[in-house]
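Engineer: Protein chains in written order, with our numbering: chain A, 2 to 308; chain B, 58 to 520; chain C, 176 to 561.
There may be inaccurate statements among the hints.
Examples of chain B residues toward chain A, derived with CB under 8 Å [what the hints assert, rightly or not]:
id, residue
1, GLN113
2, GLY114
3, LEU276
4, VAL280
5, LEU281
6, PRO285
7, ALA295
8, VAL479
Since the hints were made in silico from the structure, they are not lab data.
Since we're looking at a predicted model, the values are computed, not measured.
Idealized CB from N, CA, C, for every residue including glycine.
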Amino acid sequence: MSLQEFWDYLVLGVMLGSLYAVIAIGYTLVYGVLQLLNFAHSEVFMLGAYGSLIVLQFVSPADNPSALASIGYVALAMAGSALFGGVTAYGLEKVAYRPLRRRGAPRLIFLITAIGASFFLYNLAGKLFGRDPMTLPEMYDNHNVLTIFGAGVNVTQLLQFATAVVMMICLDLLVNRTKLGKGIRAVAQDAEVASLMGVDIDRVISRTFVIGGVMGGVAGFLFANLNQASYTMGFIPGITAFAAAVVGGIGNIRGAMAGGILIGIVETMTVPLLGDQWRSVSAMVVLILVLMFRPMGILGERVGRAA
Amino acid sequence: MSVVESSKDTGKGTGENIASAASRLRRTAWYQQPRFTRLWAMVALGVLLALVTGEQGTTRDIFFSVKGSLTGLNLWICLAVTIGIWALREFAAEPIKSSVAAVKSTVSGPAGTVQDRLRADARLRWGLIVGGLVLALWLPSTLARTWQTVLVDQIAIFALLAIGLNVVIGWAGLLDLGFFAFFAVGAYSTAYWTGRLPVEPPVVLNNFWVIPIAVVTCLITGVLLGAPTLRLRGDYLAIVTLGFHEIIYLVAKNADGLTGGPQGARLIPDFSFSFGGIEYEWSIDPLPYWYLLVFFIVLVIVLFSRLEHSRVGRAWTAIREDEIAAAANGVDTVKFKLMAFAIGASTSGVAGVIFTSKYGYINPEVFPLLQSILILAYVIFGGMGSIPGVLMGAALLVWLPEALKDYVDPADRYMYLGALLVIMMIYRPQGIWPSRRRQRELTMAGEGVGDADAMSEPAGGKA
Amino acid sequence: MLNKTIVKLAIPLAVGALALTGCGGGSGSDGDTLKIAFQGPLSGDNVALGENMQNGVKLAIDQANAKGELDVKLEYVAGDDQGLPDKATAAAQKLIDDPGIVAVVGPAFSGATNTASPLYAESGLVTVSPSATNPTLTDPKNKFTSLLRGVPNDNQQGAAMATYFAKKLNAKKVYLLDDKTDYGAGLAGVAEEGLKAAGIEVVKKSVPQKTPDYSATAKDVVNSKADALIYAGYYQDAAPLAKKLKEAGYKGAAISGDGVNDAKFIELSGDASENWLLTCPCTDATVEAGTKAFSADYQKAFNRAPGTYSAEAYDITNMIIEQIKTMKGDVQREALRDALAKASYKGLTKTFSFDENGEFKGTDVYLYQVKGGKIAYQGNVNELVG
Numbered sequence: 002m003s004l005q006e007f008w009d010y011l012v013l014g015v016m017l018g019s020l021y022a023v024i025a026i027g028y029t030l031v032y033g034v035l036q037l038l039n040f041a042h043s044e045v046f047m048l049g050a051y052g053s054l055i056v057l058q059f060v061s062p063a064d065n066p067s068a069l070a071s072i073g074y075v076a077l078a079m080a081g082s083a084l085f086g087g088v089t090a091y092g093l094e095k096v097a098y099r100p101l102r103r104r105g106a107p108r109l110i111f112l113i114t115a116i117g118a119s120f121f122l123y124n125l126a127g128k129l130f131g132r133d134p135m136t137l138p139e140m141y142d143n144h145n146v147l148t149i150f151g152a153g154v155n156v157t158q159l160l161q162f163a164t165a166v167v168m169m170i171c172l173d174l175l176v177n178r179t180k181l182g183k184g185i186r187a188v189a190q191d192a193e194v195a196s197l198m199g200v201d202i203d204r205v206i207s208r209t210f211v212i213g214g215v216m217g218g219v220a221g222f223l224f225a226n227l228n229q230a231s232y233t234m235g236f237i238p239g240i241t242a243f244a245a246a247v248v249g250g251i252g253n254i255r256g257a258m259a260g261g262i263l264i265g266i267v268e269t270m271t272v273p274l275l276g277d278q279w280r281s282v283s284a285m286v287v288l289i290l291v292l293m294f295r296p297m298g299i300l301g302e303r304v305g306r307a308a
Numbered sequence: 058m059s060v061v062e063s064s065k066d067t068g069k070g071t072g073e074n075i076a077s078a079a080s081r082l083r084r085t086a087w088y089q090q091p092r093f094t095r096l097w098a099m100v101a102l103g104v105l106l107a108l109v110t111g112e113q114g115t116t117r118d119i120f121f122s123v124k125g126s127l128t129g130l131n132l133w134i135c136l137a138v139t140i141g142i143w144a145l146r147e148f149a150a151e152p153i154k155s156s157v158a159a160v161k162s163t164v165s166g167p168a169g170t171v172q173d174r175l176r177a178d179a180r181l182r183w184g185l186i187v188g189g190l191v192l193a194l195w196l197p198s199t200l201a202r203t204w205q206t207v208l209v210d211q212i213a214i215f216a217l218l219a220i221g222l223n224v225v226i227g228w229a230g231l232l233d234l235g236f237f238a239f240f241a242v243g244a245y246s247t248a249y250w251t252g253r254l255p256v257e258p259p260v261v262l263n264n265f266w267v268i269p270i271a272v273v274t275c276l277i278t279g280v281l282l283g284a285p286t287l288r289l290r291g292d293y294l295a296i297v298t299l300g301f302h303e304i305i306y307l308v309a310k311n312a313d314g315l316t317g318g319p320q321g322a323r324l325i326p327d328f329s330f331s332f333g334g335i336e337y338e339w340s341i342d343p344l345p346y347w348y349l350l351v352f353f354i355v356l357v358i359v360l361f362s363r364l365e366h367s368r369v370g371r372a373w374t375a376i377r378e379d380e381i382a383a384a385a386n387g388v389d390t391v392k393f394k395l396m397a398f399a400i401g402a403s404t405s406g407v408a409g410v411i412f413t414s415k416y417g418y419i420n421p422e423v424f425p426l427l428q429s430i431l432i433l434a435y436v437i438f439g440g441m442g443s444i445p446g447v448l449m450g451a452a453l454l455v456w457l458p459e460a461l462k463d464y465v466d467p468a469d470r471y472m473y474l475g476a477l478l479v480i481m482m483i484y485r486p487q488g489i490w491p492s493r494r495r496q497r498e499l500t501m502a503g504e505g506v507g508d509a510d511a512m513s514e515p516a517g518g519k520a
Numbered sequence: 176m177l178n179k180t181i182v183k184l185a186i187p188l189a190v191g192a193l194a195l196t197g198c199g200g201g202s203g204s205d206g207d208t209l210k211i212a213f214q215g216p217l218s219g220d221n222v223a224l225g226e227n228m229q230n231g232v233k234l235a236i237d238q239a240n241a242k243g244e245l246d247v248k249l250e251y252v253a254g255d256d257q258g259l260p261d262k263a264t265a266a267a268q269k270l271i272d273d274p275g276i277v278a279v280v281g282p283a284f285s286g287a288t289n290t291a292s293p294l295y296a297e298s299g300l301v302t303v304s305p306s307a308t309n310p311t312l313t314d315p316k317n318k319f320t321s322l323l324r325g326v327p328n329d330n331q332q333g334a335a336m337a338t339y340f341a342k343k344l345n346a347k348k349v350y351l352l353d354d355k356t357d358y359g360a361g362l363a364g365v366a367e368e369g370l371k372a373a374g375i376e377v378v379k380k381s382v383p384q385k386t387p388d389y390s391a392t393a394k395d396v397v398n399s400k401a402d403a404l405i406y407a408g409y410y411q412d413a414a415p416l417a418k419k420l421k422e423a424g425y426k427g428a429a430i431s432g433d434g435v436n437d438a439k440f441i442e443l444s445g446d447a448s449e450n451w452l453l454t455c456p457c458t459d460a461t462v463e464a465g466t467k468a469f470s471a472d473y474q475k476a477f478n479r480a481p482g483t484y485s486a487e488a489y490d491i492t493n494m495i496i497e498q499i500k501t502m503k504g505d506v507q508r509e510a511l512r513d514a515l516a517k518a519s520y521k522g523l524t525k526t527f528s529f530d531e532n533g534e535f536k537g538t539d540v541y542l543y544q545v546k547g548g549k550i551a552y553q554g555n556v557n558e559l560v561g
C-alpha cells in the first residue's frame, strides 16, 4: 500500500467512523443514565432512516436541484429522521423500560426487554414498509468537494463528518452547560440521591432517550444516504457502534466519538489489507484487546460525569 | 443551540412568576388525570395493534400498509378492544378483582397443599420426576412426525443449551452473550473429526468419540476466552462474549480453506455404535435421537443439580448475589466464575455435536449472533436459575414460532415473539417457573436491598 | 397501560388455545383439492427473495384454478424455513405430513436443501428448487432422490462470465468479488477457475452482504487497476456497490449473474448501474408476450413487480400443474416425482428438463446489459464470443 493509498483509506475510515460515532453516542447516553445496554437502539436507527424516506417521499426532490434546494432537502430529511428516531426512543422508554424501572428490576431484565423490543420493531418495520431495500432519492450531486492531501471527500462523506462534529459539540454543551445536562449527570452519578435533590428522574431519563433517539435517527438517515435503507439495516451498524462506544469508554460522549472513529478506521483499513469479509472481525478483535488492556475504554468510562 | 437557550430562560424567573407557576403546577387539567392518560395510552396501543395486524406493506408504496391499516374496519375493531379493556379496568375493576381473587383462593388452596406435600415428601417428588421422565419418553411417539421433528431438532437441542446457559447466567450470574459460539465450536469439531472439512483430521472418529473431544475443546476455548475477560465487570463480559461469537461466526464463514466457508460441511455421518455384536445406527427417524437427547439432558441435569447443592453451587450463589462480599469471605471468585463459564461452554459443545450429527450438514448461517441472544431470552423467559423453568422457557419459545406458522403471516412471527418477550418482562420478570431463591432476590432488588445478578446496580439506580 | 390482571389471564388462555388447535390440526386430503407447497425463507433476513418465489407459485396456482382446466382445485401451502438449514427440517416435515401436498417448489436455499432433502427423499415428495444453485446438491452420494433442480447450477454462469471476459473483452486483470453466500461463493469459485484457465490475472476478494460501507471496496477495485469486475451476489448488495464504484471513478466492465438480473437493481442504484453486464440462464425476459403478460398479472396480483426467481418459481409451478393434468385425477407423490423427472417443459424463462441426478439440463447462458435504465437483451454468450 502506497502512502497515498493509506491516506485515502484513512480518510474514508474517518468518514465512516464519524457515522458510527453518532450511533455510538446514543448507546453511551442511555448507558450513562441507566447503565443499560439498549439493544433496541439499532431499531431507532433503522426507523430514523424510514423517517427520512417518508419525508423525501412527500417532498420528492427535483432532478439536478440547486445548491440551496439540496440543503433544504437534506435538512428536511434529517428533521424527519430525527423526529422518527426521537419518537421511537421516547415510546420505547415509556412503554418498555419505565415499568421495569419503577420496579427496580435487575438490568438483565432490561436487556431481554430491549431484545424483545428490537425484534418487535424491526419486524413491524418490515411489515409496514416492505422487505426490500430502498434508496433515498438523490438530493444533491455527489461530487468531490474538497481534497485532504490528495484524498477526495465527497458531499456524502462531508455531510457525515460535519453532522457528527456538530452533534457532538451540541451534546457536549447540552450536558455541561444546561440544567437538563446537570440533571443527566446527576442521574448518572446516583439516581437515588438525584431524586432526593429534586431532580425529576423520569423526565431526565425520558429526555435522555429522546436525545439519543434523535441522534440515532439522524445516523439512520446518514446511513441510508451512504448505503440504503431496509428493515434489517440496524443490526450490523448497531453492533459495531456498540463496540465503538465500549472501546471509547461507555458512558463517555467524547469516548464514543473517539471509539467510533477508531473502529471506522480499523474496519476500512482491513479492506485493502485482509479483505472486506474480515471487517467485523478486526473491529471485534480491537474491542477485545482494548478491554483487556484498558478495561474502561480508551478515554475511560465516565458514568456519572457523562460528558 | 436552541435547547441550551430555552433552558437558560426558564432558569431566570422572577419571584411572582414562580408563585403563579407553582399554582399552575398544582392544578391538573382533566386530560392530565391518570385515568385519561391511561386512555390515551390505550388508544395509542389500539393504533399500534391495528398496524401490527394490518396488511403487508410494499416498497413500491411506502404508505400502502399504513393507509390500509388506519382507514379500514380493522382499526375500529382494535380501538374498540383496547378502549373496552380500558373501560373495564376503570369502571369495573372491583368486580373483576374480587372474582380473580376468588378464583385464586379456590385454586391456591389445593395447589398450595399439593405444593406443601411435594416439598415435605421426598418419595412423592421422586415419583413425580420418574413419572415425568416416563411421560417424556412415551409421549413423543404419539405426536405427528412434524412435531417430533420440531421436538428433536429444535426444542431438545435448545433445552440442552438452556441448561448449560443456566449454569453460567442463572447460577453464577455471568452475562454471556456468546454462548452459541461454543455450539459452533462443537459443530465444527464434529465435522472435522468425521473428516468432512477441507482439512484432514489425523484419525476419523465415530461421533460418540467426538463428544469428549468437543467437551475438551470447548472447555479449553472457554478457559482461554474466560481467563482474561472474567475479571471484567458484568456488562463488559457481555460485550466481550458477544465479540467472541461474532469472531467465531465470521471465521466459520470466511476461512474457506479451514471450515468450508459459506458452503459449509455436508455428508456428516449419524451416530452409530457397534459394541459386542450389537450394531445400531441412528437415522433420519427423529425418535431415536429423542431418546439420545433425553439421555444427555437427564445426564447434565443430574450432574448440574449435584453441583448446585455442593460447595461450588454455594460459591456461585455468593458471587451472583454479592461478588465483593463473596471475595471478602475467601471465595476464589475468578476460579468459580471460570468454572461456570467452562461448564456452560462444554454443554453447548455437546449440543453442537448432537445437532451436527442429526442434521448431517452445517453452514455458518446456523450460528448467527442472533442465536446467542435468543437462547439468553429463553433462559430468562423460563425463569433463570431453575432447571424446570429454563426447560419450559426453551420449549415454549422454540415451539411458539413453529405453531404461529399456521395462524399468522410467517414473516410476522418474530414480531409477536418480541412483543411477548416485552410483555412478559414487564408483568412477570422472574419468568414462568423461577427458582425460589431467585424470586426472593428479585423481590429484594425491587425493595432496594441486594443485587439480583452479578452486574452491579440495577438500572436507573434503586429509585 | 395494559391491565395487568387481564394480561395475566389472557396470555395463558391464548397460548392454551394455540396449543389445542396446534395439536388437533392435520388436515386430510380432500378428493377434489391438491396442494402445491413452497419451501423457502418467508421470515428472517431473506424474506424479500422468498416472497418473490412465493408470489410466483401463488400466481401460477391462481391462474390454473381460474382457467378451470383441472378437475381438481389447487391450493397453496407456505413452508417457511427462514432460509436456514436448522429450520428446514421442521418446515419440510410439516409439508410431508400434509397428505394433500403432492409437490413442493423449493427449498429456496442450498443450505436448507441440504438438511431438508433427506426427509423429502424418504417420503417420496418431489421438490423442484427454483434457486438452490450449489453444484454439490445433485451429487449422487447425497441420495437426494426427490430433488430436482429447476435452475442451472453455478458452474454454467460462472464459466460463461469467464469466457465472455476472456474472449470478448480480452481482459487482462479481473477483480472477482463474491458476497460470502453459498450462491456467491460457488459462482465466484467457478469463474475464478475459468479465468485462470484462460490465463487472466485474478484478484479474488469477498464483500459480505450488508457491508455498511462499500466505498473502501470500491476504492480497492480502482486501486487494483483491474479492467473488469465480476460481482457474484444479489441485487440488494450489488446496487450500493455499483453506486460506490461510480463514485470512486471505476471505468472498467462489470458483470454479474442472475441474482442481480432484476429491475430492482436499476431502481436501487439509479444511473450507476448503466452498462453493467448481467448473465442469466433465462431467455429474454422482457420481449416475449408471455413474459409481458406474466409481469402484468404479477403486478396486478401483488402490487409490485416480479423479482429475482419469481418467473422461475412460476414456471416450475406450471410445470408441476401440467404433469398433474396428465395424471388425470390420480395423483400420487412418487408417480408425480417420476413423471417430473422425465418431463420437459418450456416455460417463460427456459426449457426445464432434468438428468438422472435431478440436475438441470441445458447449458445456455444469455447476456444482458443495463442500457438507459433498462435491462437489454444481448444474446447467447456462446454465440456472442463466437
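Engineer: Quick check: which numbered hints come out false for this structure?
Structural biologist: 3, 4 and 5
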